[in-house]
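Keeping their order, the protein sequence lines are chains D and L. The first sequence begins at 1 in the working numbering and counts up one residue at a time. The second sequence begins at 1001 in the working numbering and counts up one residue at a time.
Since the hints were made in silico from the structure, they are not lab data. Incorrect hints may have been included.
Unchecked claim - Rough simulated footprint, nothing fancy, chain L against chain D, three-plus residues with beta-carbon under 8 Å:
1) 10-23
2) 45-56
3) 62-76
4) 94-101
5) 110-124
6) 131-139
What the hints assert, rightly or not - Below 20 Å or equal to it, Euclidean Cα-Cα: the simulated SDA-like pairs (lysine to any residue) are:
7) D:Lys112 - L:Gly1093
8) D:Lys158 - L:Leu1183
9) D:Lys112 - D:Leu161
The beta-carbon is built from N, C-alpha and C at its ideal position, and this holds for glycine as well.
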Amino acid sequence: MTVRTRRPMSTQDLVLIALFCAVIVALGLLPPVSIAVIPVPVTLQTLGVMLAGAVLGPVRGAGACALVVLLTVLGLPVLSGGRGGLGVIPGPTGGYLLGWIPGAFVTGWLVKRFAVRAGGRLTSLAAHFAACLVGGLLVVYAVGVPWTSMTTGLGIGKAALGAAYFAIGDTLKAAVAAAVAHHVRRSYPIEPR
Amino acid sequence: MRMSLYVPGTSPLHRVPAGWKLAVLLLCGVAVFLTRSVTLLGPAAGLALVLLLTVRAPREQLARQLRGPLWVLAAVVAVAALSESGHAALVVGLRLVILLLTALSVTLTTRTSELQGVLEVMLRPLDRAGLVNAPAVALAVSLALRFIPEVFQQFQEIREAQAARGLRGSPLALVVPLVIRVLRSAEDIAAAIDARCYPPARSRHPDRDDRLSGKAPG
């Protein structure tokens, strides 16, 4: 990855990070949706994570997620279902929370690199979808699964099986996030950073 | 909307400084992974439970914080018991119970502002090394706290408006306007903050505008 023209973070970047952190929290406050096909209730919080990366770009997207993690550690009930507090991090699902930071970064980087330049409507949608899937699902699980395995002593395979349970919901969310990011980019474009 | 998990009180744990509580919690987190002895972990888990009970938190709040993790815990213990041994399952279960209960005790007895204070102390060396801009982090935290209820309310407004248009179930119709509103308001908020010369730029960076020096107002 090449780092070009590292301009310092402006006030507006800071505000966007804080606002998107608020969006991620607000989406988690909504009651979980039960979709008929999927046995587990789906919360919209990780949709916010994918959106942070896809709309704001790698640095600010990761910043928004890092801020959510920080608020969680500070003891605020910002996670879905009103959870929060220091206990989340060493718990079995703590890795998924921490994985949001690199997840949003990778999503943002892929969007910045490929999706922004995609010409047609379908290519743009597909590129956004791929970025959300790789960042919001693969990268997050790549941190979350070993974390579960480490904190519980279960094998990686078993931990991955647990994650697979949520993969359908997260794939759907990646599709929604891709469509939202595409529409936002068309009607209110901001430069991803 | 209650924004903090803090429960006011005068228990012994309430009176311990936040920094100490966090340090002990960290040590505790390392310690439980160093042993596999049930005779050590068992009493420790009991101690953690007693600790949590001394906080005297409202029962519904305890239930709310513990319900989710306990399901995960039950699943993990069940899988460990089936795939490995009863002993392994017990060790894993006790470790997680200790971590969960002690961390919850600290969370319930420590004000967000106290934890923010600890955070500032921890960020100070990083700030000096030029890795993190501590006042910017502090501003981001307070902005986020301020805007969570705001964004949630905007979301409800959009939801009602779209329901009136017959777009109740469409996630696109909900999230796209929310994101655009957020992006729009960011410009105004940033302008308002800039007009108030906040946050102060770091004095070691002459290329950044140095309008205000000294500590950021809390």
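Cross-check of the supplied hints:
{"no.": "1", "hint": "10-23", "result": "holds (count 13)"}
{"no.": "2", "hint": "45-56", "result": "holds (count 3)"}
{"no.": "3", "hint": "62-76", "result": "holds (count 8)"}
{"no.": "4", "hint": "94-101", "result": "violated (count 0)"}
{"no.": "5", "hint": "110-124", "result": "violated (count 0)"}
{"no.": "6", "hint": "131-139", "result": "violated (count 0)"}
{"no.": "7", "hint": "D:Lys112 - L:Gly1093", "result": "violated (43 Å)"}
{"no.": "8", "hint": "D:Lys158 - L:Leu1183", "result": "violated (41 Å)"}
{"no.": "9", "hint": "D:Lys112 - D:Leu161", "result": "violated (32 Å)"}
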